[in-house]
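Student: Residue numbers (the UniProt record's numbering), protein chains in the order written: chain Z, 1 to 189; chain H, 1 to 189.
No lab work stands behind these hints, which were simulated from the structure alone.
Careful, some of the hints might be misleading.
The list treats identical chains as one, so a pair stands whether inside a single copy or across any two.
Said to hold, decoys possible - 16 Å max Cα-Cα, derived EDC-like pairs, lysine to aspartate or glutamate:
id : residue 1 : residue 2
1  : Lys81     : Glu58
2  : Lys81     : Glu167
3  : Lys21     : Glu49
4  : Lys81     : Asp110
5  : Lys2      : Glu173
6  : Lys160    : Asp18
7  : Lys50     : Asp166
8  : Lys138    : Glu167
9  : Lys7      : Asp23
Model, not experiment: these values are computed from the prediction.
2 protein chains.
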Amino acid sequence: MKILEQKIQKDGRILGADVLKVDSFLNHQIDPELMQAIGLEFAALFANEKIDKILTVESSGIAPAVFAGLALHVPVVFARKNKSLTLPENVWTADVYSFTKQTTNHIMIDHRFLSANENVLIIDDFLANGQAAEGLLKIINAAEANVVGVGIVIEKTFQKGRQILDEHGVRVESLARIKSFENGQVIFL
Amino acid sequence: MKILEQKIQKDGRILGADVLKVDSFLNHQIDPELMQAIGLEFAALFANEKIDKILTVESSGIAPAVFAGLALHVPVVFARKNKSLTLPENVWTADVYSFTKQTTNHIMIDHRFLSANENVLIIDDFLANGQAAEGLLKIINAAEANVVGVGIVIEKTFQKGRQILDEHGVRVESLARIKSFENGQVIFL
Numbered sequence: 001m002k003i004l005e006q007k008i009q010k011d012g013r014i015l016g017a018d019v020l021k022v023d024s025f026l027n028h029q030i031d032p033e034l035m036q037a038i039g040l041e042f043a044a045l046f047a048n049e050k051i052d053k054i055l056t057v058e059s060s061g062i063a064p065a066v067f068a069g070l071a072l073h074v075p076v077v078f079a080r081k082n083k084s085l086t087l088p089e090n091v092w093t094a095d096v097y098s099f100t101k102q103t104t105n106h107i108m109i110d111h112r113f114l115s116a117n118e119n120v121l122i123i124d125d126f127l128a129n130g131q132a133a134e135g136l137l138k139i140i141n142a143a144e145a146n147v148v149g150v151g152i153v154i155e156k157t158f159q160k161g162r163q164i165l166d167e168h169g170v171r172v173e174s175l176a177r178i179k180s181f182e183n184g185q186v187i188f189l
Numbered sequence: 001m002k003i004l005e006q007k008i009q010k011d012g013r014i015l016g017a018d019v020l021k022v023d024s025f026l027n028h029q030i031d032p033e034l035m036q037a038i039g040l041e042f043a044a045l046f047a048n049e050k051i052d053k054i055l056t057v058e059s060s061g062i063a064p065a066v067f068a069g070l071a072l073h074v075p076v077v078f079a080r081k082n083k084s085l086t087l088p089e090n091v092w093t094a095d096v097y098s099f100t101k102q103t104t105n106h107i108m109i110d111h112r113f114l115s116a117n118e119n120v121l122i123i124d125d126f127l128a129n130g131q132a133a134e135g136l137l138k139i140i141n142a143a144e145a146n147v148v149g150v151g152i153v154i155e156k157t158f159q160k161g162r163q164i165l166d167e168h169g170v171r172v173e174s175l176a177r178i179k180s181f182e183n184g185q186v187i188f189l
């Protein structure tokens with residue numbers, strides 16, 4: 001997606017060997033026009049699929065997911081993160097390890113908002129090591145729902161997330177695919 | 001806002017004396033069409049104000065805020081919640097006590113995303129005891145930015161939030177104003 005790649009080139013900040021900060025338009029400050037364009041792009045990519053619901057994870061997945069939901073005319077459910085050991089009842093849950101923050105979150109979805117046989121599209125801001133998407137897949141399996149695919153705003157192809165999702169046999173569509181960071185520049189695939 | 005009041009009547013769940021759960025369309029599952037209508041309504045209410053930026057708090061404020069941002073053509077910044085005692089540098093911060101969860105969060109906004117003299121509209125999902133809105137006001141004051149007003153999706157008028165914001169001399173627009181819960185029913189003002 002050209003305008004997304006241009007935005008990443010212009011406003012993304014590379015930290016260390018493998019971290020890309022896009023907090024000026026996606027993760028802290030949000031560019032609503034860009035999010036609308038992203039939502040429309042996901043809707044076009046998955047136009048031929050039957051989709052009943054979009055799943056994402058708070059907080060940075062919410063903006064792209066709600067615009068995809070608007071374009072596809074389906075509700076959006078965001079999994080809540082919880083660090084505490086005691087979980088509420090009646091939730092689907094999975095553990096998600098963050099390599100960046102070196103913490104484990106429990107992500108949770110209320111049983112009322114994910115049902116057997118629902119066709120679910122996962123949307124998330126980043127695909128890096130695949131932990132969040134894999135956690136959502138685990139929840140979808142537990143609920144006996146069906147995963148239609150995974151829509152990712154920014155994929156770091158040099159980390160293992162794509163391989164993990166491929167092994168699950170899931171269709172993945174990423175709007176920007178980063179091959180590497182070289183001399184402080186983002187190189188797209 | 002009639003369609004919002006109807007949605008609250010239909011899908012809201014009253015818990016205990018003063019808690020309204022709207023997790024089927026706002027706080028966990030999100031209705032994107034309703035969020036778009038809410039965003040347009042905020043944009044119409046504040047159409048005569050000069051607005052440079054919208055501030056909200058993760059996670060439930062994000063969906064209404066991004067649609068308001070789209071309608072007003074301004075970026076949205078969501079404050080991040082942090083329970084840890086060590087805070088990153090270069091952030092504006094305020095403590096926000098949650099009466100529902102009985103916990104205190106530090107909310108944080110990076111200095112890069114709020115500047116002196118910017119005209120800021122606050123958007124949030126609920127106004128109850130006013131702690132989140134007051135925390136954002138404190139941050140706006142610290143940044144020497146200007147608050148244009150506060151847009152609230154659901155106000156519980158029987159709690160003290162409105163009074164606190166009135167004392168700050170801030171314009172507040174709430175799309176649904178709840179007077180009371182009576183016999184398991186939501187009564188609007």
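Student: Taking the hints in turn, state whether each one holds.
Tutor: Hint by hint, here is what the structure shows:
no.	hint	result
1	Lys81 x Glu58	both (7 Å within a copy, 12 Å between copies)
2	Lys81 x Glu167	neither (25 Å within a copy, 35 Å between copies)
3	Lys21 x Glu49	neither (32 Å within a copy, 32 Å between copies)
4	Lys81 x Asp110	within (12 Å within a copy, 22 Å between copies)
5	Lys2 x Glu173	within (15 Å within a copy, 38 Å between copies)
6	Lys160 x Asp18	within (12 Å within a copy, 47 Å between copies)
7	Lys50 x Asp166	neither (21 Å within a copy, 48 Å between copies)
8	Lys138 x Glu167	within (13 Å within a copy, 49 Å between copies)
9	Lys7 x Asp23	within (12 Å within a copy, 33 Å between copies)
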